[in-house]
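S.K.: Starting from the known structure of chain S, fit chain V onto it as the hints suggest.
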Amino acid sequence: MEHYTMNLTLKVWRQKNSNDKGRFETYQVSDISSEMSFLEMFDVLNERLIKEGKDPIAFDHDCREGICGMCSMYINGRPHGPWHANTTCQLHMRAYKDGDTIVVEPWRANSFPVLKDLVVDRAAFDRIIQAGGYISANTGNAVDANAMPVEKEKADAAFAAAACIGCGACVAACKNSSAMLFLSAKVSHLALLPQGEPERKTRVLNMVQQMDKEGFGSCTFTEACEAVCPKEISVTNISRLNKEYLAAGLSVDK
Amino acid sequence: MKILPGAITVGWQAYSVALKSQLIHFRMKWSEFFTSSVGKKLVMAFTGLFLISFLVVHVGINACVFADIYDDTDNGKMFNKAAHFMGSSYVIRLMEIGLFIGILAHIVQGYMLEVQNRSRRKQGYAVSMGSKGSAWYKKSMTLLGTLILLFLIVHISHFWVPSRITYAETLNQATYNGVEVHDVFSKMAEVFSQPIWVILYLLGCFSLAWHLLHGFQSSFRTVGVHNKKWLALVQSVGVGFSIIVPLLFALMPLSFYFGWVNNN
Chain S
918 MEHYTMNLTL KVWRQKNSND KGRFETYQVS DISSEMSFLE MFDVLNERLI
968 KEGKDPIAFD HDCREGICGM CSMYINGRPH GPWHANTTCQ LHMRAYKDGD
1018 TIVVEPWRAN SFPVLKDLVV DRAAFDRIIQ AGGYISANTG NAVDANAMPV
1068 EKEKADAAFA AAACIGCGAC VAACKNSSAM LFLSAKVSHL ALLPQGEPER
1118 KTRVLNMVQQ MDKEGFGSCT FTEACEAVCP KEISVTNISR LNKEYLAAGL
1168 SVDK
Chain V
138 MKILPGAITV GWQAYSVALK SQLIHFRMKW SEFFTSSVGK KLVMAFTGLF
188 LISFLVVHVG INACVFADIY DDTDNGKMFN KAAHFMGSSY VIRLMEIGLF
238 IGILAHIVQG YMLEVQNRSR RKQGYAVSMG SKGSAWYKKS MTLLGTLILL
288 FLIVHISHFW VPSRITYAET LNQATYNGVE VHDVFSKMAE VFSQPIWVIL
338 YLLGCFSLAW HLLHGFQSSF RTVGVHNKKW LALVQSVGVG FSIIVPLLFA
388 LMPLSFYFGW VNNN
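Chains as they are written, first to last, in my numbering: chain S, 918 to 1171; chain V, 138 to 401.
Pulled out of the complex, with its shape left as it was, chain S reads as follows:
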């Protein structure tokens, strides 16, 4: 693809802290290379803001390789921007042309309070994982990996679910701010494998309970989450989660 430069108008959400009301601020950026990543464009803008003695825009990022789940911008009405199966850090400026206006907002959900500018607190996801997203492993010698047979299809499905990076785009896209795609990926990943069997029932019940405590909405299968998921987690996992919940809820002896 031909290299080009562009001038853009950015409308970015600025919010000092979680108590601040927040507002949009407009920035003009010029000579942006089509080969820059979206976050590099923000780096350029932030360096300019620092030189001008202004507060740079806070945004989350870590690996910038699309695998850590830290970046979280809602760009022009879509989490992680316009590209399919993509994270914000892997979005490149060739997606835009000279003169474009780009509106950048933080994830919006009561359970993801804004800490500053585009940074939201996603600790709710950590607490859901703590409620049951693990397996027990006995101490002693490690068991031979091949001693426990796993069906190829199930291993593949578990792996596909395990690809969830917990970025929260599903919550950001859902009209109900539901975390069900995230939760279903975590539950499916372990429910499909023999290693997940001992805590199978308590896991799903505890994790659903924690999700409700965190204040996420419920799933109405609009499939907006699947459309924006950078790791293409399937909504089929949500049906599997519901089946796990139904089976556990009806059979648990409590």
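Bear in mind the hints are in silico, worked out from the structure with no lab data behind them. Among the clues, some could well be false.
What the hints assert, rightly or not - Heads up, simulated EDC-like pairs for lysine to aspartate or glutamate below, C-alpha to C-alpha not over 20 Å straight-line:
hint	chain 1	residue 1	chain 2	residue 2
1	S	1033	S	972
2	V	269	S	1143
3	S	1160	V	169
4	V	365	S	960
5	S	971	S	960
Nothing here was measured: the structure is a model prediction, and the numbers come from that model.
M.R.: For chain V alone, coordinates are given in the frame of chain S:
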């Protein structure tokens, strides 16, 4: 050696406290089972599937009005007899109570969920996602359901109230083989001679079709159908059901209005 029993006791106490908190943590009473975010959706799905099964019975019984198309001397006999059977059997009258409970549960739970789900994002987006990612009707189930509810109020007052409560003043009687039955067929002919009701019923069927198009497959997925083979079946049957059933219902007011079926 005196240390050991003490350590064991402390260890055991810590273990049992941990165990207890774990046990309390995953306690699951019936009330909790149905009131979690997943449980509430299960209520929506099970009542929805129940109402879908009712639609099969309703459309089947009412399709008897079309008998007059094939036999001009029928004049609603087949339909009136079927309606009489539905109204005169205590078993079916009991099921009718269950039906009303199911409808009410679906409506009340639906509105409560909508209010709750909307409250999960106090501050909205400046640029909304629109229909990027999900079709309009999938996101408009409450609106479509409300339209169906408004239609139902009119529909129940048109036919259910006269045939169950006020029949003495509102319905004619028809006699077949010495058995006297309510002439609901002529009531239909009377209601559907007015264009306003025909249009309203068509709008009701239209809302039902879109509501079913999402609701049919979504309710199966909510109760846990994730197997590819079954999901494909549910989705294609769902599309067929959402077109055929509302279409058959829509043909009823049209058939009366255009005189394809009549009582002479």
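S.K.: Does residue 169 of chain V lie within 20 Å of residue 1160 of chain S when you go C-alpha to C-alpha?
M.R.: 17 Å, holds
S.K.: Are residue 1033 of chain S and residue 972 of chain S close enough, with their CA atoms no more than 20 Å apart?
M.R.: 11 Å, holds
S.K.: Measure nothing beyond the straight line between the CA atoms of residue 365 of chain V and residue 960 of chain S; if it is 20 Å or shorter, mark the hint as holding.
M.R.: Violated - the C-alpha atoms of residue 960 of chain S and residue 365 of chain V are around 45 Å apart, more than 20 Å.
S.K.: Would the pair residue 971 of chain S and residue 960 of chain S pass a check requiring their Cα atoms to be no farther apart than 20 Å?
M.R.: 14 Å, holds
S.K.: Taking only the CA atoms, is the gap from residue 269 of chain V to residue 1143 of chain S under or equal to 20 Å?
M.R.: Roughly 11 Å between the alpha carbons, so the hint for residue 269 of chain V and residue 1143 of chain S holds.
Violated hint: 4 only; the structure is consistent with all others.
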